[in-house]
Amino acid sequence: MAGTATDWKTTKVAQNAGQLWRGLAVPGAGARITLFTDGTPDATANPSAKHLGATKAGSKVMVKPSLIKFNVDEFRAPILTNLDNMEMGISGELVGVTDMQLMEWLNPGVGTRSTAAGYDQVTFGSRAIVYDCIALIFPLIEDVTKWGIWNIYNGLNDSGAEFAVARKELGFSPFSIVAYEVTSRATADTLGNFWKQI
Amino acid sequence: MGNVNLESLRKEHGDKAESVFREIAKTGGYGDIPSDYQGGLDIAGVLADSNESLSSAEKDKIAKLSGFDRAKATELIDAKIGSKGTPTKSK
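Just so you know, the protein sequences line up as chains A and B, in that order.
Per the working numbering: the first sequence = residues 27 to 224.
Per the working numbering: the second sequence = residues -1 to 89.
Everything labelled a hint here was simulated from the structure, so no lab data went into it.
A virtual CB, placed ideally from N, CA and C, is assigned to each residue, including glycine.
Check the hints yourself; a few may be wrong.
To be verified - No more than 30 Å apart at the CA atoms, straight line, and that leaves these computed lysine-lysine pairs for DSS-like:
id	chain 1	residue 1	chain 2	residue 2
1	B	Lys9	B	Lys24
2	A	Lys172	A	Lys86
3	B	Lys70	A	Lys172
4	B	Lys9	A	Lys172
5	A	Lys194	A	Lys35
6	A	Lys38	A	Lys90
7	A	Lys95	A	Lys82
8	A	Lys222	B	Lys70
9	B	Lys24	A	Lys222
10	B	Lys24	A	Lys95
11	A	Lys172	A	Lys222
12	B	Lys9	A	Lys90
13	B	Lys59	B	Lys24
14	A	Lys76	B	Lys62
15	A	Lys35	A	Lys86
16	A	Lys35	A	Lys76
17	B	Lys24	A	Lys76
18	A	Lys90	A	Lys194
19	A	Lys172	A	Lys95
20	B	Lys14	A	Lys76
Said to hold, decoys possible - Some chain B residues flagged as far from chain A (calculated, every beta-carbon gap over 10 Å):
id	residue
21	Asp13
22	Lys14
23	Glu21
24	Lys24
25	Glu50
26	Ser54
27	Lys59
28	Arg68
29	Thr72
As the list claims (entries may be wrong) - Some chain B residues well away from chain A (every beta-carbon gap over 10 Å; in silico):
id	residue
30	Lys9
31	Gly26
32	Gly29
33	Asp30
34	Gly37
35	Gly43
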């Protein structure tokens, strides 16, 4: 008889500056977004990719299933569970608040950007909602030549825009990207993925 | 090249661009992505040889409709690390 090797996973950690990208090409079945060797989205595969810019304290990623528990009278603990809701998202605070393309993107269904000589503006009212393929890409600690990717296929920010304008404070606008399911994709692959290069 | 969107498909297919987009999206398991989504569809990943979610016939179809070469997709994707592992595509 022998013991079992421990696996503390101290190198499989996330502790690096990430890059947030939107406007990515949606990957198909069995595929992932195409990266260039520097970890940025490959420009040929993602011609509309836009970098969202710097953040106050990085980004927080989440995926959270909500499980319903079923009880019976004869037992004290639940006997069954099933999936009720699920959520997937990326959140943080962005610094580039005077970038009007960013401001438009932060306000889906509300903000419309226009620009001409002398101005670059976003007007607020209502417009069609446009979803986006978004990813957070970060270098891995376990191998700094490789990348980790948190990709939402169909998402949008539902936090709007809110930032301070002050002498002693840098204005950051919080964002919360919510993933929406892409119907008719494989059932195990409708929201997004989290993957790393190996 | 490596990406299709409505604009790029119009150059190749004219008025049929929208139906071609829908066909690529359906065959490639992309889901119901709006045809006017500016980011388009990533073609390289689905065409690469390492992708086992699509049959060779499905890849040939997408390659023909998109004008993207399968060998080039394999070179772009499989020459890099991390291209293996595929979920099953639903019909």
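Hint numbers not upheld by this structure, sorted from lowest to highest: 4, 5, 7, 10, 12, 16, 18, 19, 24, 25, 31, 32, 33, 34, 35
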